[in-house]
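2 protein chains.
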Amino acid sequence: MSTDTSSTPAPAPPSAILETCLSVSDLTRSRAFYEEIFGYSAMVAEERLCAFNVGGTQVLILFSREEVANPVHLPFGTIPAHGAHGESHVGFRVAAESLELWRARLEEKGIAIESTLTWPLGGTSMYFRDPDGHLLELLTPGVWPIY
Amino acid sequence: MSTDTSSTPAPAPPSAILETCLSVSDLTRSRAFYEEIFGYSAMVAEERLCAFNVGGTQVLILFSREEVANPVHLPFGTIPAHGAHGESHVGFRVAAESLELWRARLEEKGIAIESTLTWPLGGTSMYFRDPDGHLLELLTPGVWPIY
Chain C
1 MSTDTSSTPA PAPPSAILET CLSVSDLTRS RAFYEEIFGY SAMVAEERLC
51 AFNVGGTQVL ILFSREEVAN PVHLPFGTIP AHGAHGESHV GFRVAAESLE
101 LWRARLEEKG IAIESTLTWP LGGTSMYFRD PDGHLLELLT PGVWPIY
Chain H
1 MSTDTSSTPA PAPPSAILET CLSVSDLTRS RAFYEEIFGY SAMVAEERLC
51 AFNVGGTQVL ILFSREEVAN PVHLPFGTIP AHGAHGESHV GFRVAAESLE
101 LWRARLEEKG IAIESTLTWP LGGTSMYFRD PDGHLLELLT PGVWPIY
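Line by line, the protein sequences are chains C and H. Residue 137 in my numbering is what sits at position 137 of the first sequence, and the numbering runs on without skipping anything. Residue 117 in my numbering is what sits at position 117 of the second sequence, and the numbering runs on without skipping anything.
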């Protein structure tokens, strides 16, 4: 880590990632996918985005790529433009004992499991794609030192 | 939400997003940015990625876009290809009382604050960019109903 030569007091590192986001081409299609496959409920849904409550402490936001390519002017301020192309990657925590249920669920829905691997710490990663090709991963404990 | 007509038992929705990822063009530059600005420490750092421990329960992963554009073959399995271009978006949780420290820190480091807005629920969002132009947001409580 670099030496901190700042003259202002350092704020504490952000304690959590609250918003994890994916740019999607068809919001209706992607919302249906995350509801059907993951069982998430939309907390906020509008033309520009769909936000899911994840575990009561995190938000997964699907952004319509087209709608956020320009700044969004709200009555109380402006959200800067953003939007990604290509295949982003997000990893979701699941219980080890649920992994076979997930495998059956994905197979039943016709979603190809692209790879499954077991890490040196004992955890398993199962990879598949969302409708935009974003790489999704289900992780059981024992992939990272902290989990 | 769509009606579930599955014949297999539904696994519980993933309880958390464990891995939030950004594709970057220069891993060394981006690692230094997140260490210096956010105060995060690298938990794992290699040619392909740099992973930060966020709050003991989440991982922020910077991926070298070039290194993950093809599948990665490890002794115990294969990680599928991924990688995004453009401006992704990630939102970090910070305490309301730290917001002015953050403003001072960003200004001292020469990082432009692109927008600041206060939401109807009372929370504040402060937006700026990382070296790849990814849109970063610091959020105080009162942006989403769950936080």
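Check each hint, because a few of them may be wrong.
Identical chains blur together in the list; that is why a pair holds if it fits in one copy or across any two.
SDA-like cross-link-like pairs, simulated, lysine to any residue; straight-line CA separation at most 25 Å [claimed, not checked]:
| # | residue 1 | residue 2 |
| --- | --- | --- |
| 1 | K109 | G55 |
| 2 | K109 | P120 |
| 3 | K109 | G142 |
| 4 | K109 | W144 |
| 5 | K109 | P75 |
| 6 | K109 | L74 |
| 7 | K109 | T57 |
| 8 | K109 | E97 |
| 9 | K109 | A69 |
| 10 | K109 | S15 |
| 11 | K109 | A16 |
| 12 | K109 | E67 |
| 13 | K109 | Y147 |
| 14 | K109 | H73 |
FYI, nobody ran anything at the bench for these hints, they're computed from the structure. This one's a predicted model, so the numbers in the text were calculated from it and none came from an experiment.
We went through each hint and held it up to the structure:
{"no.": "1", "hint": "K109 <-> G55", "verdict": "within (23 Å within a copy, 35 Å between copies)"}
{"no.": "2", "hint": "K109 <-> P120", "verdict": "neither (30 Å within a copy, 39 Å between copies)"}
{"no.": "3", "hint": "K109 <-> G142", "verdict": "neither (27 Å within a copy, 37 Å between copies)"}
{"no.": "4", "hint": "K109 <-> W144", "verdict": "neither (29 Å within a copy, 31 Å between copies)"}
{"no.": "5", "hint": "K109 <-> P75", "verdict": "neither (42 Å within a copy, 30 Å between copies)"}
{"no.": "6", "hint": "K109 <-> L74", "verdict": "neither (39 Å within a copy, 28 Å between copies)"}
{"no.": "7", "hint": "K109 <-> T57", "verdict": "neither (28 Å within a copy, 30 Å between copies)"}
{"no.": "8", "hint": "K109 <-> E97", "verdict": "within (20 Å within a copy, 46 Å between copies)"}
{"no.": "9", "hint": "K109 <-> A69", "verdict": "neither (32 Å within a copy, 27 Å between copies)"}
{"no.": "10", "hint": "K109 <-> S15", "verdict": "between (36 Å within a copy, 21 Å between copies)"}
{"no.": "11", "hint": "K109 <-> A16", "verdict": "between (32 Å within a copy, 22 Å between copies)"}
{"no.": "12", "hint": "K109 <-> E67", "verdict": "neither (29 Å within a copy, 31 Å between copies)"}
{"no.": "13", "hint": "K109 <-> Y147", "verdict": "neither (29 Å within a copy, 33 Å between copies)"}
{"no.": "14", "hint": "K109 <-> H73", "verdict": "neither (39 Å within a copy, 27 Å between copies)"}
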